[in-house]
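Visitor: So you can see what is in the structure, the chains are spelled out below.
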Amino acid sequence: MAAYRAEDDYDYLFKVVLIGDSGVGKSNLLSRFTRNEFNLESKSTIGVEFATRSIHVDDKIVKAQIWDTAGQERYRAITSAYYRGAVGALLVYDVTRHVTFENIERWLKELRDHTDSSIVIMLVANKADLRHLRAVSTEDAKAFAERENLFFMETSALESLNVENAFSEVLTQVYHVVCRKALDVGGDPTALPKGQTIDIGKDDVSEVKKVGCCSA
Amino acid sequence: MMFLKRTTQAELDAFYPVRPECQDSVPKPRFKLRTGKTLSARRWHSSFSEEGQLDIAKVLRRIQRGGVHPSIRGAVWEFLLGCYGPNSTFDDRSLIRQRRREQYDEWKAECKKMVPVIGSGKFLTTPIVTDDGQPIEGAPGAQSDQQQNNDAVFEKKVIQWKQVLPQIGLDVVRTDQPLVFYQNERNQAKLWNILSIYAWEDSDISYVQGMNDICSPMVVLFENEADAYWCFERAMRRLLMWAMEYNPNTFLLYETSAAAETTANISEKLLKQYGKYERNNVRTGFKDYQSGLAVFLAASILENKHKRILKEAKGLDDVVEILGDVTGNIDAKKIDQSLISWIASRFDPVTHSLKIREDLTTVLDSEMVGWVLGVPSGDILFYPEKAYYEEFKQLKKIYKENSLCGAIKRSKVYHKLCFEKYNKSMFKQLFLLYTLGVLLCPMDNKTWISSSHVYYLNNASNAYEYNWGRYMLEWLTKYSDNWEVLGCGALLLAIIYLDRIRHASIVDWKVNGCRICEWTQDSVDKTIKSDHSHQGHYGKSK
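Chains as they are written, first to last, in UniProt numbering: chain C, 1 to 216; chain Y, 1 to 542.
Calculated directly from the structure, the hints in this document are not laboratory data.
Be a bit skeptical, because a hint or two may be false.
[Claimed, not checked] The list that follows gives simulated cross-link-like pairs (lysine-lysine, PhoX-like), each with its CA atoms no further than 20 Å apart: (1) Y:K157 to Y:K113; (2) Y:K157 to C:K181; (3) Y:K526 to C:K181; (4) Y:K112 to Y:K58; (5) Y:K28 to C:K43; (6) Y:K157 to Y:K108; (7) Y:K58 to Y:K113; (8) Y:K122 to Y:K112; (9) C:K142 to C:K109.
So here's chain C without its partners, still in its complex pose (with noise of 0.2 Å):
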C-alpha cells in the first residue's frame, strides 16, 4: 500500500499536536490514523508519545508526526516542548460531554500562544457514533470554528468516520501554507517575506521558560 511506505522516504515532515480534554479519544485518533486500530479498553495517556505516517498530498509524500499527549493539566508542564515545532493541531472534544467543548477555547488559546499564527488548526467532533448521547449541536460547534477561523470535522474513532479525512485536510492545509510561504520568498532569497511582522511576543523563545517548573 502506497500509504505506508518506507518510513524514511518523505519530501516533507510536519509536526502536528492533538490537544483536547482527558477522555476525548485523542489517543485513539492517532491509533485509528496511524496503524487502524481501535481499542475500547484504552487506557490514560502518560506524558507525551508520537506516532507517524506517510500521506500523499498532490505528488508529494508528506510525513505526519502526530504528538499526543495527556489530557491532564498537570501534564502541562511540558506544554511548550510539545508545541514547538507545530504545523498543524487538531483540537478534540468529545460530542458527549459538554464541558469538552467548553474548554476547547481555553485549548485553543493556549494553542495559539504557543506556535505560530500560519499553524493549521481543526476542531474535531470525535464520539459521533454515540448519537443517542450528543450534547453539543453540530451547529454550536461549526459557528464556533467559523468564529475563530477553524476547520471542522465530526469523527469518530470507533467507526473509523472521517478520521482519515480530518488528518489529510489538516496536512493538505499545512502543505499549502508551506508552497505558498516559499513562493513568497522565493524571488529573492533575501528579501522579508512580504507582509510578515516579526512577532516576538509569541516567538518560542519567550516560552521555554515554563518547560522546566518542575526541575527547578
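Please build the complex by placing chain Y on the supplied structure of chain C, with the hints as guidance.
Guide: Showing chain Y alone in chain C's frame:
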C-alpha cells in the same frame, strides 16, 4: 502431569477473571505457578514464628525465583512494601492495622463532608466546581455540608482537590477494563475513593494520571479499602521519584536521543523513554537523523559515544568526523563576527539579560540555555565544593605537568590529541576539553578555553543529572566582559538573538531537537542579512 498443569492454570485464571469479550485483546500473563518454586500459601504461613515474626530472607528467595501464589499476594505485598516490619508480631500487626483503618476512616469521613459522593459506592466523572471554584448547579453529589471556611489557603486546597476528582473518575473507568472485577461499579468506586483520599492527604502530589494503574492492583488484592489504601500509600512512597512529576529532562532525551543512538546499539533503557508507537519504529530500525540532530555538551556526547570514540577514533580526523555528526548544521566560524560582538555588547551579566531591541529585553535562565543548546538541565548544580578542593588542586597539577594549565588554545589540545599518547583517562579529559572548545568557543582554533571546565566534566558521572544550562549561564556571566578572549557562549547568544528575531518561515522548521540544531547556515545567513541595515548596524528588525 498434564492434568496438574491445567488445573493450576485454571486456578490462576480464576483469581483475576477477564471479561469474555476481552479474552483476545488481553495479553497472556507471563506468571506461571511452578510447584516447588512459587511461594505457596502453605510455605508462607510456615515462615512465621510462633509470635508471628517473618523469616523474610527465606520467602524473598522464593519470591524471586517463582513469584507469589495469588491467594496470599496481598499479605505478601504488605510486607514487601513495608507496611509491616518482618520482625513485627501478630499482635503488633493487628494493632497497626486497626489504627490505620481508623485513620483512613477518619480521613474518608472528612472528605465525605466536602464531597458526599465519597464512600457512597458511586463516583464522579463530571466537574463539581468551576475553574474559579464556584459550585456547579445540579452537579451530582457536589453539595457539601461544610461551612464556608475563611482560611484562604485551606479553601484553595479544597477547590484544587475538587477539581481533580472528575479526572480521577475519568481514569477509573479506563483502568483495567478487561477485568470482570471492574464491571462492578462499587469496585470502581473503591479505586476512586482511595485515589481521591490520597489526593486530599498528599496535596503536593494530588493526582497524576497513571496513579490509577499503580493503585488498581491493591484494590483487586485487598477486600478492605483501608488496607488497599495503605499499601498504595507505601507504593507511592517508593515510586515517588517516578510518579511525582513528569521529568522535563526525560522529555529532552526523548526528543533528541533518536540522533544519538542507532538501532544497533539502542539500549532497552533508552527505548523505554519512547512512546508505545514510536518504540516500534525505533525497534524496527526506523532512522531519522535529520529530525534529531542535537548538540549536547561535551559530557553528554562522551556519555553516548565514548565507547565508539575510544574504539574507533584512531586518528583525530575520525574524532572530528564523529563530532561533526553532533554539532549540527551551523559552522560557527562562518557567523558574522561583527554580529557576535554587537550581540555580546548587549548582554548584561548582572541581570542575565540580552537586549534584543530598544524596547525588548530577554532574560536568560538556565532552562532557556539548556533548550537552546540542547544540553540537559538536571537537578544537580555544579559548585566547587570545598570537599573537592584538594582533588581540584591535584588535577591542576596534572594539567600543569602536561602544560595544559589555565586557559589553553584549542589548537594545542588538538595537537595533543593527535600526536601524543595518553591513557584513557587523560584522553577523555583532553577530548572533553576539545569538544567543549568546539561548543563554547566555536570561533576559531586559536580560541582560548579554560581547563577548569574539565574539572566539572570529569566529575559529571551522569551528565543528564547535572544542570548544564545553569553552568553555561554562569560561565557566560563570569566572562562576559572578556568574551572575545574566552569566546564563551558567543554562539549561544547569537542563537538566542536570532531566535527572537526569526522571521516566521515554516519551510525551515524541523520538528525535533534544540534550537541550535534547527538553525542551518543558510537560515542564519539570511536572518543576519535581513537584520543588517545599510549603515552596517544590526537590530534593524524592529
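Visitor: Please name the hints from earlier in the document that this structure breaks, with their numbers sorted from lowest to highest.
Guide: Hints 2, 4 and 7 contradicted; others consistent.
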